[in-house]
Structure formats: C-alpha cells, structure tokens
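Trainee: Chain by chain, the residues run as shown.
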Amino acid sequence: MRILIRGGRIIDPASGVDDLLDLLIEDGKVIRIEKGAGNTEPLEASKGKGTKAAKHAESALAVDRVMDATGLVVCPGLIDMHVHLRQPGREDKETIASGTMAAARGGFTTICCMPNTDPVNDTRSVTEFILDTAKREGAVQVYPVGAITKGLKGEELAEIGELFEAGCVAISDDGRPVMNAELMRRALEYAAMFDLPVIQHSEDLHLSGRGVVHEGLVSTELGLRGIPSASEAVMVARDLLLAELTGARLHIAHVSAAESVRVIRDAKARGVRVSCEVTPHHVALTEEAVRGFQTNAKMNPPLRSEDDRQALLEGLRDGTIDVIATDHAPHTVQEKEREFDLAPYGVVGLETALAVTLTTLVVPGVLSLPQAIAKLTSEPARILKLQKGKIAEGADADLTIFDPHRDWTVDPATFASKSRNTPFAGWRLTGATVTTLVSGQVVWEA
Amino acid sequence: MGLVHKDLLSIQELTSDEIRLILDTAESMKEVARRDIKKVPALRGKTMINLFYEPSTRTRTSFEIAGKWLSADVINVSASASSVTKGESLKDTGLTLQAMHPDIVVLRHPAAGAAQFLAERLTASVINAGDGAHEHPSQALLDLFTIREKAGRLEGLKAAIIGDIAHSRVARSNIHGMQRMGMEVRVAGPRTMLPRFIERLGVEVFTSLDRAVADVDVIMMLRLQTERQQTGLFPSLREYSRLFGLTAERLKAAKPDVLIMHPGPMNRGVEIAPDIADGPYSLILNQVENGLAVRMALLYLFAGSGQAG
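Chains D and A, in that order, are what the protein sequence lines are. For what it's worth, the numbering used here labels the leading residue of the first sequence as 83, then goes sequentially. For what it's worth, the numbering used here labels the leading residue of the second sequence as 402, then goes sequentially.
Hints are computed from structural coordinates only; laboratory data are not their basis. Keep in mind the model is a prediction, meaning the values are calculated, not measured. Be aware that a few hints might be false.
Negatives, chain A to chain D, calculated, CB over 12 Å [stated by the list, open to error]:
(1) 447
(2) 550
(3) 559
(4) 581
(5) 651
(6) 670
Ranges between beta-carbon positions, derived for each pair [stated by the list, open to error]:
(7) A:462 - D:287: 38 to 44 Å
(8) D:173 - A:484: 27 to 33 Å
(9) D:396 - A:612: 36 to 42 Å
(10) A:416 - D:287: 39 to 45 Å
(11) A:405 - D:287: 41 to 47 Å
(12) D:453 - A:501: 56 to 62 Å
(13) D:401 - A:606: 39 to 45 Å
(14) A:501 - D:493: 31 to 37 Å
(15) A:501 - D:508: 32 to 38 Å
(16) A:462 - D:445: 56 to 62 Å
(17) D:496 - A:472: 48 to 54 Å
(18) D:232 - A:487: 30 to 36 Å
(19) D:508 - A:416: 26 to 32 Å
(20) D:496 - A:487: 33 to 39 Å
The C-beta atom is built at its ideal place from N, Cα and C for all residues, glycine as well.
Isolated chain D (complex conformation) (with noise of 0.2 Å):
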C-alpha cells in the first residue's frame, strides 16, 4: 500500500522544518520527504512514448492513492496526552472505541487515557485490558496512564514498575491530587527508577472546599461556591520543590491559574525537571461562560477569570506552558442537566481542540502554526518518550491533514464521542481535520 501525499504545506516542529513538500507512505511508514517526491505527471499523459514519461508511469502507477494536500497543512498526528475514555466502567459517557473514534475526528492519532476508570487503572490487567481493547476496536494509538496510588485514594503507592512493564507512559491520580506530601515525594521518587513522568492533578481540597467554580466576580454574582486559584498554586508550587528535592520528573495537568503559571516559570529557570499543559477551554473561554449556570463550563480546575487567561497565552508564548491537552472529559445529557451545584466536572474536548487552538491562539497571533502544533505533537511526545510526534523517513505514517482557514459551526450532534458535554456549541470556529491517517491507515476523512 502506497500513500502520496502531495502539494501539502508539510509543517514538523520536530525538525523545524515548514515547506511544500510531499510525502510517499508505504506500509504505514513515511518513506520519501521532497519536493516533487510524488511529482508524477498525469496517468493519462505519461500513456506517451519515452523512457522518461514511462519511469513516471510506472511510478504513478505503483501509488494506491494520491492525496491532494494543496492548500492544506499536512503534520505529525496530533497527541492529546490527557483524555478521559471510561472504560472499563463507565461505557454509557465514552467507550474506547468511541472515544478513538473521536481522537481520529479531532485530528489525534496518538492519545493518552487517564486511570480513573472503574475499576482504576491501577494494575496490570487493567493496564492490558485497554490496550487490547485499543488494538482491536481503537481508531487511534492508545497508551495508558497508570495510576499513582492503589485505587486513586492516595493511600500507598501502586504497582508503578508492573504499569511501566505493561505500558503505562506515565502515572497520575487524576481527578484527584495526592494530597499527602511524603506520598508525593516518595511517588516521585519512586517514578524516577522508570523515568516516568508522575503527571499531578494540581488541587489542594481543603482550599477547594465544596467550591464548583472559579472563586472570583462571577461566583460572588451568582452565589456559586468558588475554588480560589490558591488552590491549584499552592499544589503546584509543593510539587515544584518536591521535584526539586527528588530531581524527579513531574507533569502539572490543566494548568489554569496565572500563579501557577509564575511558579513554574520560576522553577523552569532554576532547572526544575517539570513540564506543564494547558486545555484548549481555558485559553479559549473564562468564568463569564458560567454565566446562566451553564453547567457545560463546569470543569475541575475551574474556567478563570481573564487575567488569568492571558497569563496562559504568555506562557504559552515563553514556553513555560509546554502542551496543550483537552482533559476530554465526556458525561452523559442527563449528568450535565442537573442543578450546576450537582453537575459532574469536565468537558469534552477532542473534536474542538484543533480548531479551538487555531482559533484562539494561531489566528490572533499568539503562536505561530509551527509552535502550536508542537504544543500538540513533538511536545507531548518528548515529555512521554514516545516515538511520534514528527515526520521522518522511517517514523510511522501518523499524520493529521488539515484546512486551517476553513470555518465550521460546533454541532454537538455530529460528535463521534458518545458525549456532547462542549462548552462550545454553536461556536463558529476556523481550521478543520480533513483526513487523519495512522501508521498509513486513513481512519477519519472529511
């Protein structure tokens, strides 16, 4: 099976490279980057005499499928490396097929699935049973997250070596932090003999209370219980100097606050071995979105306010903010209708985030196209280890197509998540996935 892809504008942050160039896959892998390496005249002309005009045909011919790629932006395939897939447990919010499925739609082709399925994936079984479920009814690549500690309950430790041996890229309790602090140093020592990112949900409960949004103007007008940005600062800043002390590495989830921004800004500088990501729905939208008690704002680390927001977009722009990942977090329509104090927290994020990030931070300028698809791929890739995330002859033929100035309108029903729980429905937004292809395989066209 050969794949040309061809006229696209070919864009690797990996290797910095940014040009026309087209692209020959072969069995899922990526085997000629050029100009013109699919430069064939027209089947029906190369019908001619010559030699030369024959070399192209037979070359021409030898290709299954040509892509058109002009006027595209042709890029390693997206990797989201913080999404929620329900399952085990919870198949009626997202399964992993349909959760893959929308990976695919989105644009991703390599996605990361958090632990706090039921049972928790804190155990080997589990570990597999995922990525057996993945290779057979996955549309993209899965890797696990494993657990930190047994059952997410911050207790003691899991099996973090047997989660390395079975697959797991990195450990996390996300949802909830490890609130204990010697259990934190002791996870991240622990995580450093596998050199595992130990990714923490950045919350300190006690400050959080019983709070459901950004404690701030908005949550004073509506008389909703708020979560002070304190409380993901001061866990951020802990973390921050337990890394220091251990020289582990550590991953800061969903950063949402302007302090956390400055705190890790200021560890960074000082050599700190942490990395950090940041939702497309906190760069794109504030506290003002909660307004009318919408319960699809209603996330955990809360939309804040807009100062906070733009000290995410100049973190973005310094690169203290080194990802960005949706926290894809589905819930069922009747979860979502709920009293907003009763609602659960999260939102979906696969299907927007492209074109959320191209909206929110290519158009206006904050990143260039190249930096925000390295937020999106050489990034993440780097922080896990993984080998995706660039365009290489030789690497796998995961590669995401796409329109960046097409606009669309978000219609929640045309979702492949079983979830339409998007805070942005009805938003026109630009830039639109065209095909997503993984190891050469098309698994989502337009």
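Following the hints, put chain A in place on chain D, whose structure we already have.
Mentor: This is chain A only, laid out in the frame that chain D set:
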C-alpha cells in the same frame, strides 16, 4: 404597564419601573389583607404549586396565604415527602408537575440557579423563593416595600447589610434591589464571610459594625448559620456576637431613627439582641406582614390579569 417576564428569577432582571409597579400593586394588596373577609377572586381557577426543597416557615406560608387570599388553588410539595427522596431529578419532578398544568410554580432550592433551570423547562411561571446563595427576590421586594412604607421613599437612603454576606441570597437580592432604587449599600461582616470582589458590585465594605452603622438609615441584620463555625469562618458564637451582634450599645453610633430589619429566622442574642429585635425601631414583624402583600402582588402580576403577553 405590566411585567414582560414569564418568571421572577432574580432582582437583577427587574427595572426600577417594574420594581415600582410591584411595590405599588402590593400597596393595594395590603388593603385586602386588612379586610375582615380576606378573599378576592383575582386568581380563581389558577393553580399554584409551592415546591420546597429546603425547610421554610415564613416564605412557604407567606406564598401559600397570598395564593389563597387571591383564590388560587395552592398545593404544597416538600422535597422531603415526595419522589425526590426516591432520587427523582429536578428536571423530572418539574416535568411531572408541569403535566398537571400549574400556572405558577414557587421554588425554594439549595442550589444556585435551580429556579432558572426549572424556568427554562416549564411553561408555568416560576417564582424563585430562594436558590442557594444566589437570590431571594421576593424577600428583597418586601424589604424595599417595608423601607418605602416607613421612610416614604427609597432614593437617597443608606443601608448597611450585616453578617454572612458570602452565603446570603437575601444580601445579594437586596444589594441589587436597593441599588436599582437609588439607595446606597454598605456590607459588613467578618472578613471570612465577605465574598471576594464584593466591592465590584458597587457596595462599600466594612469589617467593623460600628463604622458600618454610622449614619445609615437602614440596618439589615442577616441570620448567622451557626454551623459555619465548624468550617472555620468564625471562632465562636460568643466572639461573633461581640463583634457583629447588634445591641443597644452599638446602636448609639447609628442615627436615632434608624430602621432595623432582619429576614428571619433570628438567632436572638447572637446577631441581634432581643431588646433591639422587639424594640421601637424594629421592622421585623412588618417585614413578615408586608411579605404577604408583596407576594400577592407578585402572584397577581405573574399569573393574574396583570400579566402581559
């Protein structure tokens, strides 16, 4: 003029003219309440459901009597004795009641936004009788009515709202209502009970009772929920009372004819001394009485002939 809203969810959505209309209507209703035969046919054939998810004496009774004096058929549903205890969602409970064709649903609920949630799903008029710490519009309206009745006006008056502002729907509705009617509003309480950015609502903020009550026309004390002590918001009832309890001694700093209000139920001896609550400047029982007139006006305007459209 009439009201163009289907529902009464918050004071914020009312214009000053609409508030004035409600207060003026309440004045004629008050006349009904003082008759021997307290019954007018304004809402005959209309059905009103009191749906209460929290315990309430005065608000529920007040709405019930108001409905009955206007000849509506009034049904009380309390969550503790309904399908809610079987796990029925607010949406399903609302749709179930809707199928019985009520004209008005009065909702009291512990979650902010619950009234709006129900209003978006029902064709009946929904009147918010308190949603979490968000709003309690009928309380603010009866407070405005009471102040106007005593002082003869609202515009230019100064009020101090004192206590647990953070958790108070009464405070939020009164801040908006008083400001809309041209009053100046101060809030005061322990720093732990003043929500962040409250000053951005245009109120002056105090942590001293003495300074807050100096030269105001109205002092509104809020009920202290004593269980807040366990969550670290204040150290003891004794200290709360020493710092924020309204006593005769503290009142010396206030105007001699200051009006004193409390939405009830009171913790006598905690936020308000008994002699003050029962004293000559206390409007606490006037508030209860006026609550009937204001709620009759609301029911009349939202479901009766006064409803526009």
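Trainee: Look at each hint and say if it fits the structure.
Mentor: Consistency of the hints with the structure:
no.	hint	in the structure
1	447	27 Å, holds
2	550	28 Å, holds
3	559	22 Å, holds
4	581	15 Å, holds
5	651	27 Å, holds
6	670	28 Å, holds
7	A:462 - D:287: 38 to 44 Å	40 Å, holds
8	D:173 - A:484: 27 to 33 Å	28 Å, holds
9	D:396 - A:612: 36 to 42 Å	40 Å, holds
10	A:416 - D:287: 39 to 45 Å	43 Å, holds
11	A:405 - D:287: 41 to 47 Å	45 Å, holds
12	D:453 - A:501: 56 to 62 Å	59 Å, holds
13	D:401 - A:606: 39 to 45 Å	40 Å, holds
14	A:501 - D:493: 31 to 37 Å	35 Å, holds
15	A:501 - D:508: 32 to 38 Å	34 Å, holds
16	A:462 - D:445: 56 to 62 Å	58 Å, holds
17	D:496 - A:472: 48 to 54 Å	52 Å, holds
18	D:232 - A:487: 30 to 36 Å	35 Å, holds
19	D:508 - A:416: 26 to 32 Å	29 Å, holds
20	D:496 - A:487: 33 to 39 Å	36 Å, holds
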